[in-house]
Each structure stands twice: as C-alpha cells, then as structure tokens.
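Student: Taking the hints into account, I'd like the entire structure generated from these sequences.
One-letter residues, chain by chain:
2 protein chains.
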Amino acid sequence: MNGVLPPSGPTDGEASGGLTPEFIASVYDALDQIDTETAKELTGSLHWSDLADLLEGLTDERRETLVEALRIEFPANVLSELDESVRERVVDQLGLSEVASAVADLETDDAINIVEELEEHEQLEVLEALPESYRTLIEEGLSYPEDSAGRLMQRSTVAMPSHWTVGQAIDYMRETDGLPHDFYDIFLVDPRHRPIGVVPLGRILRTRRHVALNAVMSSELKIIPVNMDQEEVAFQFRQRDLISAPVVDGVGRLVGVITVDDIVDVIHEEHEEDIMRLGGVGEEDDLFAAVLDTMRSRFPWLLIHLVTAVIAAGVISLFASTIEELVALAILMPIVAAMGGTASVQTLTVAVRAIAMRQLTPANALRTIGKEAVVGLLNGTVFAIFIGLVSYVWFDNLALSGVLAMAIVINFFVAGLSGSALPVLIQKLGFDPAVASSAFLTSITDVVGFYVFLGLASVLLL
Amino acid sequence: MNGVLPPSGPTDGEASGGLTPEFIASVYDALDQIDTETAKELTGSLHWSDLADLLEGLTDERRETLVEALRIEFPANVLSELDESVRERVVDQLGLSEVASAVADLETDDAINIVEELEEHEQLEVLEALPESYRTLIEEGLSYPEDSAGRLMQRSTVAMPSHWTVGQAIDYMRETDGLPHDFYDIFLVDPRHRPIGVVPLGRILRTRRHVALNAVMSSELKIIPVNMDQEEVAFQFRQRDLISAPVVDGVGRLVGVITVDDIVDVIHEEHEEDIMRLGGVGEEDDLFAAVLDTMRSRFPWLLIHLVTAVIAAGVISLFASTIEELVALAILMPIVAAMGGTASVQTLTVAVRAIAMRQLTPANALRTIGKEAVVGLLNGTVFAIFIGLVSYVWFDNLALSGVLAMAIVINFFVAGLSGSALPVLIQKLGFDPAVASSAFLTSITDVVGFYVFLGLASVLLL
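Sequence lines, in order, name chains E and A. The first sequence begins at 1 in this note's numbering and counts up one residue at a time. The second sequence begins at 1 in this note's numbering and counts up one residue at a time.
The reader is advised that the hints may include incorrect statements.
Just so you know, same-sequence chains aren't split out, so a pair can sit in one copy or run between any two.
As the list claims (entries may be wrong) - Restricting the straight-line Cα-Cα distance to at most 20 Å, the calculated cross-link-like pairs of lysine to aspartate or glutamate (EDC-like) are:
#1 K40 x D50
#2 K222 x D261
#3 K40 x D29
#4 K371 x E61
#5 K428 x E270
#6 K428 x D274
#7 K371 x D83
#8 K428 x E273
The hints are simulated quantities; they were obtained by calculation from the structure and are not laboratory data.
Tutor: Here it is, written out as structure tokens:
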C-alpha cells in the first residue's frame with residue numbers, strides 16, 4: 001500500500017480507455033457547435049462503458065445534444081451502465097419506445113436493472129412493447145425481492161444431464177442456439193432440473209470426448225437460493241472465488257445463473273452504501289443528482305444532528321454560571337469534544353468494516369468491545385497528558401489541567417465503548433450498522449465530553 | 001436498497017458455509033480440552049476460506065491449539081486467505097520451513113501474496129527452501145512494485161499462435177500438463193509472444209474444429225502493463241466486465257494473466273483503504289490487531305486533530321471577554337461547529353466516492369465544487385432559520401439569533417466548498433483524496449464556525 005493514486009488522472013488515455021483530454025475536448029467542441037455528425041463519428045467507436053462515462057461527465061445541454069445525435073441507434077448497454085440519476089434524464093429524453101427497443105437487446109439481468117428503476121406506469125409501457133416470451137422473463141425477474149439473487153441472475157443457463165459425455169456436451173454447445181453470450185461453467189442437473197454438479201469450461205476442454213461429465217464434475221457446488229440477499233451472494237462469491245453460480249427456486253430447480261461481473265457491481269454498490277451511510281448521506285446522493293435532490297438526501301442527517309447539537313448546548317447551559325466564573329472552560333471544552341469525536345469515529349470505522357467483512361460476529365463482539373475500551377483508555381491517557389501540559393502552559397492552573405485530563409480520559413473511554421458497541425447493537429436489531437454514522441456518534445462524545453468536563457469543573461474547581 | 005442486512009448472522013449455517021454456531025461451539029469445546037484429534041476431525045472437511053474465518057475468530061490460545069493440530073498438513077490456501085495480523089502470528093507459530101512447504105503448493109500470485117508480507121530475512125529463508133524454477137518466478141514477481149499488476153498476476157498462461165485451428169487448440173489443451181488450474185480465456189500471441197487477440201472458452205466450445213482461432217478471436221483486447229497500479233487494473237476489469245486479462249512486460253510480451261477473483265480482493269482492499277482513511281485510521285488497524293498496534297495506527301490522526309483542536313480553542317480565546325459578557329455564546333457555539341462539521345463530512349464522502357469511481361474529474365471539478373457550495377448555502381439557510389428560531393425561544397434575544405443564523409449559513413457554505421475542493425486538490429497533488437479525513441475537515445468547520453460566530457457577536461452584539 002503506497003497510498004498514492006496512479007499519476008495518470010481519470011481522463012488520461014490509457015487510464016480510462018480512450019477518453020483522453022484531447023478526445024473529450026473535441027467532443028465538447030462538436031457538441032457546442034451542435035455538429036451532431038462529428039459527435040456521432042467521434043463517439044461511434046467508444047466502448048459502451050466509456051460512452052456512459054462520457055455522458056455522465058457532460059453538462060445537461062451537451063448531454064442532450066449527444067443523446068439526440070445517438071438517438072436512432074442508442075446502444076442498449078450504455079443505458080444499463082449509466083449512473084441512476086443520469087439514466088433517468090436520458091430515459092426521459094429518449095422516450096419509452098426507444099428505451100423498450102434498447103431493453104429488448106439486453107440480457108435479462110441488465111434489462112431488469114433498467115426496468116426496475118422506472119416509474120410503475122413507465123414499466124408497464126416498456127414491458128408491453130417487449131416480445132411476449134422475453135417480457136415474461138423480465139416480469140418473473142421483477143417478482144423477486146429487490147437486491148435478491150433473482151434480480152441479479154441471468155435466465156439463460158448451460159445445463160445438461162450428468163450422464164452425458166464430454167463429447168455430447170461439446171456437440172450440444174456447438175449445435176444449440178440461444179446459449180448465453182458468456183458462460184464459464186456447465187451445470188449438471190438431475191431429471192428434476194436440480195443442479196448436482198459443475199464442470200468449468202477449462203476442464204471440459206482438457207478432457208477427452210468419451211469421458212462422462214459426472215467423472216470430471218465438482219459436486220462441491222455453491223447453490224444460491226433465488227431469494228438470497230445480494231450482499232450474501234457477493235460474500236459467497238468472494239469466499240469461494242466463484243466465477244459463476246447456479247440459482248435455484250423454492251424446490252431446488254435451476255432457474256438462472258449469476259456471473260462474477262454482476263457481483264463486482266454489487267460489491268461496489270454495497271461499499272457505496274457503507275461509505276455513504278457512515279458519512280451521513282443518502283444513497284441517491286451523487287455527483288450527478290440535482291441540487292434539490294442532494295439537499296433532500298442530506299437533510300434528515302442534518303436534522304438529527306441539529307437535535308443532538310441542541311441537546312449538547314443544553315448540557316452546556318446547565319453550567320452557564322460555572323463558565324461565567326471561569327471562561328477558560330469555554331475555551332477548552334471543544335478540545336474534549338473534538339478529541340472524543342475523532343476517537344469514536346476511528347472505532348466506528350473499524351467496527352463497521354469488520355461487520356461488513358464478517359470478522360466481527362456475536363462470538364467475538366464482547367472481546368472486541370473490551371479491546372476498544374482499553375485502546376480508548378490508553379490513547380485517552382496519552383492525550384490527556386499532552387493536553388494537560390498544553391493547558392497548564394496556557395492557563396497556569398493545575399487544577400483546571402487535571403480536570404481537563406480526567407475528562408479526556410473518560411471521553412476516550414466512552415468513545416471506544418460506544419464506537420464499537422453501537423454498531424454491534426444496531427446490527428443485532430437487524431439494521432445496517434453503518435447507520436450509526438459518524439455524525440451520530442460524535443454527538444454522543446460531544447454530550448459526554450461537555451457534561452464530564454464542565455461537571456467535574458463545577459464540582460472540583462469552584 | 002432496503003438497507004437491512006440478511007437476518008442470518010455471519011455465523012449462521014447457510015450464511016457462512018458450514019460455520020454454524022453449533023459447529024463453532026463444538027470446535028471451541030474440543031480446543032478448550034486440547035482434544036486435537038476431534039478438532040482436526042471437525043475442521044478437516046471445511047473449505048479453506050471457512051477455516052481461515054474460523055481461525056480469525058478464535059482467541060490466541062484456541063488458535064494456537066488448532067494450528068498445532070493442523071501443523072503436519074497445514075492447508076496452504078488458508079495461509080493466503082488469513083487476515084494479515086492473524087497470518088503473521090500463524091506464520092510465527094508454524095515456523096518458516098512449514099510455511100515454505102505450504103507456499104510451494106500455491107499458484108504464484110497467492111505465493112507472492114504471502115511472501116511479500118514476511119520480514120526480509122524470513123523472505124530469504126522461505127525462498128531458499130523453494131524449488132529453483134518456482135523460486136525464480138516468485139522472485140520475479142517480488143521485483144514488481146507493490147500493488148502493481150505484476151504482483152497480482154499468475155504466471156502460467158494459456159497462449160497459442162493465432163493461426164491454429166479450434167481443433168489444434170483443444171488437442172493442445174488436452175495434451176499439455178501444467179496449464180493453470182482455472183482459466184477462462186485463451187490468449188493468441190504473435191511470434192514475439194505479444195498478445196493480439198482473445199477467445200473465451202465458451203466460444204471455443206461452440207466452434208467447429210476446423211475453424212481458425214483468428215476467425216473467432218476478439219482483437220478488442222484489454223492489455224495490462226505489468227507496472228499498472230492495481231487500482232487501475234480493477235477499474236479496467238469493472239469497466240469492461242473482464243474475467244481475465246493478459247499482462248505484458250515493457251516490450252509487450254505476454255508474461256502473465258490476471259483473473260477476476262484477484263480483482264474482487266483488490267476492490268475490497270481499495271475500498272478498505274478509502275473507508276479507513278476517511279475514518280482517520282491506519283490500514284493495519286483491524287479487529288485482530290494487538291492493542292498496541294491499534295493505538296499506534298490511530299495515534300497520528302489523533303495528534304493532528306489535537307493540533308487543530310488547540311487552534312480552535314485559540315480562536316475561542318480571542319473572544320474570551322465577549323463570552324464573559326454573554327455566556328449564551330459559549331452555549332450556542334458548539335451548534336455552529338457541529339452542524340458545519342456534519343455538512344462537510346457529507347460533502348467529503350460524496351466527493352471521495354466520486355473520485356474513486358472516476359466520476360469527479362478535472363473536467364467537472366469546478367462545476368461540482370460550485371454545486372456543493374450552493375447546496376451548502378441552501379441547506380445552511382434552512383437550518384439557520386430552524387436554529388435561529390430555537391435560540392430565539394431559548395434566549396429571547398433577536399440579535400443573538402440573527403448572528404447565530406448568519407454564522408450557520410457561512411459555515412455551511414465553507415463546509416460545501418472545503419468538503420469538495422479539498423479532496424480534489426489533494427488528488428491533484430498526487431495523494432489519496434481520502435486522507436482529507438473527516439477529522440481534518442471538521443477541524444476546518446470548527447475553526448471557521450467559532451471565528452465567524454464569536455467574531456460577528458463581538459462586533460454586532462456588544
């Protein structure tokens with residue numbers, strides 16, 4: 001870990017696959033002159049994920065011009081790759097019939113990914129425009145809970161009976177149309193279509209034609225129930241280094257397959273959830289959201305913090321007369337609160353991360369909380385000495401420095417306890433531990449810090 | 001996004017693949033009675049990643065007993081899967097000769113992963129115990145920069161000339177020993193061993209034997225230079241939905257292949273870096289680190305925050321006489337600081353996330369900073385009205401409420417500006433934007449909040 005990003009910035013040629021600053025500048029030029037022909041020509045050879053990145057980075061006017069230029073053959077994959085808030089605007093601009101024809105070109109999982117984000121009446125309109133059999137698959141997909149394996153899976157699978165030989169398998173694959181575009185494993189099924197084994201393609205290729213599939217299959221199969229939460233699915237993929245996994249319905253029949261490229265997206269999504277919650281921001285809040293949406297997504301956390309900040313102020317007001325007598329207290333009290341806040345955010349970060357990685361479990365929760373409390377006490381003691389010395393030099397008041405040091409130790413201890421215990425508790429209640437955001441935790445150390453410092457001062461100093 | 005974790009906890013059977021609470025309890029029992037036979041029997045059938053999880057969750061005594069029980073045939077993969085701080089202790093216990101023989105069983109990338117974490121003299125000892133040819137591969141791998149593609153790649157590749165037919169390719173794979181255990185793509189190379197195309201295995205299997213490989217290959221190949229930073233490699237995999245990618249040396253020759261399972265680990269690692277830095281914690285800080293290591297990893301951030309907290313206290317001390325005259329200022333000033341802090345952490349979180357996702361680029365940085373400043377102003381105005389009303393009811397002092405409201409608006413504005421501009425600036429200087437941790441940013445809003453509020457009060461109220 002050297003911690004330094006690669007020197008090539010995100011718009012650098014090699015770095016972002018074709019989106020060089022010069023390229024971007026020439027696209028901007030073409031769009032500003034409403035030269036749709038040139039814009040179309042320039043962007044025609046871009047990979048769809050680069051085109052999506054390009055669209056995301058444009059101002060509204062430029063993006064609208066480019067979408068208009070590409071309207072006739074708008075690439076379906078670009079839609080599924082776009083950031084949600086940008087996609088919404090592109091969908092509005094394209095109109096639902098264009099969207100429907102784009103969706104029809106996609107694999108079921110990508111199609112569901114787009115359709116699920118539409119308003120209900122838009123969904124109906126798009127679904128109606130799809131071919132019957134395809135529509136049924138999409139509707140089935142939408143019937144599974146949000147963020148479940150059923151939404152992630154792709155419906156077309158490569159499955160065959162286990163008594164076939166390698167030669168039969170190869171012939172079947174050569175002769176069958178409609179196999180998925182990319183696949184990495186062949187799933188073997190019993191007569192009821194329940195998966196019983198897997199053969200990676202590499203193994204098929206290294207085995208002679210006459211060998212039976214069940215002689216080379218692995219029966220150590222990780223089977224994903226269709227209702228499994230996507231976070232759990234991602235955990236299984238990571239744990240087992242899976243490339244693809246079979247998805248089964250309630251009676252164990254193979255209904256689809258999840259591939260690792262979708263899992264990579266899920267991992268990013270779950271990370272985003274963690275980091276956003278810890279920062280006290282709604283998930284809809286991203287760079288491309290409109291100002292009003294951004295305000296709305298941040299409002300609830302600010303409101304909660306307003307309440308806690310007023311409580312902290314209330315605590316201070318209990319000691320108004322103490323402060324009037326010794327104004328140094330007002331000067332020093334933010335140090336107690338701020339140091340405790342930093343310590344609690346540190347603890348919270350480690351705990352939330354450990355819960356996400358399944359390292360912090362009920363089995364070791366008490367041990368962890370204990371360790372964090374000890375770390376809090378020790379670091380608290382070290383910093384109490386530092387801060388005590390600083391304040392002694394500053395105010396030349398030994399008793400004041402002693403009170404300050406005591407308050408620091410206590411607040412660090414509380415920070416270690418609450419920073420680790422709170423996320424564990426929230427997880428136990430069935431919620432995401434990251435909702436114990438840093439804003440919330442620092443409120444605790446604010447209140448405790450002010451109360452302990454001013455309280456001790458009023459008892460011991462005056 | 002329902003935001004609720006799956007009800008099954010991490011130690012639940014289905015959830016963590018065999019690590020049921022009952023199972024764990026029986027392992028604990030066996031270990032506590034030093035019944036190594038039972039412990040060995042119980043853990044014998046575990047997948048190596050589950051065994052690694054189990055080891056991580058044990059207390060030091062129990063873990064030592066289990067490692068002793070498994071010593072003779074300690075599974076190599078478990079070592080590479082273990083969390084760093086636990087692995088260090090297991091390596092110490094096993095001794096270097098056991099570690100060397102375990103390492104010899106691994107693919108080069110996993111082996112490098114273990115060897116690179118050892119002390120230098122340990123590295124030498126382990127390397128010397130390896131077979132000559134294998135050792136050379138490992139040493140080559142270690143010669144590439146940390147966190148580069150060269151460290152991630154596995155050295156054995158499946159490469160063949162593009163003029164071969166599908167039939168020749170299949171025969172070659174059937175007849176050649178020493179192919180990688182898992183592979184998903186065949187890379188086609190020119191006579192100088194430079195990759196010129198790729199054929200996914202699925203396509204090989206669906207093509208008749210007489211067809212030439214270059215007729216079915218994709219030449220849209222994402223080639224990874226051996227020195228590319230792993231974060232950039234992960235970006236390319238995600239952008240292109242890659243399963244594997246060829247790695248080339250300085251003159252373009254194929255030297256290895258990176259597979260997506262390693263990328264999944266990189267994504268987790270990079271995310272951990274982000275979240276830890278934002279929380280002001282060192283990366284070595286995890287649940288399993290010893291108390292002293294944990295203290296040490298948190299110390300620098302606390303020290304930085306101590307300095308900034310003392311600066312904030314210094315700002316307050318400038319207005320000591322103002323506070324003495326109107327103690328309500330001491331009561332209300334933490335509200336200004338706390339609300340500004342929350343707003344700046346929100347902005348920072350969104351900005352750091354956007355930079356990591358390459359959505360925030362030099363091309364749209366100014367626009368983003370402008371938007372965040374506007375959001376700050378607007379949210380600041382809303383909350384200024386709230387807080388102004390609360391304080392008016394509380395202190396019945398209109399001028400005081402007005403000053404408070406003004407300070408809130410200004411501090412929110414500064415929070416939006418600094419929360420977005422600072423990470424952009426840090427990125428531009430070539431560092432990780434997440435080092436602008438929340439602790440650092442809240443210091444800014446503390447100082448600005450106190451200065452503006454108390455400054456305005458001293459000018460306007462007294």
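Student: Which hints from the list above does the structure break, by number from lowest to highest?
Tutor: Those not satisfied: there are none.
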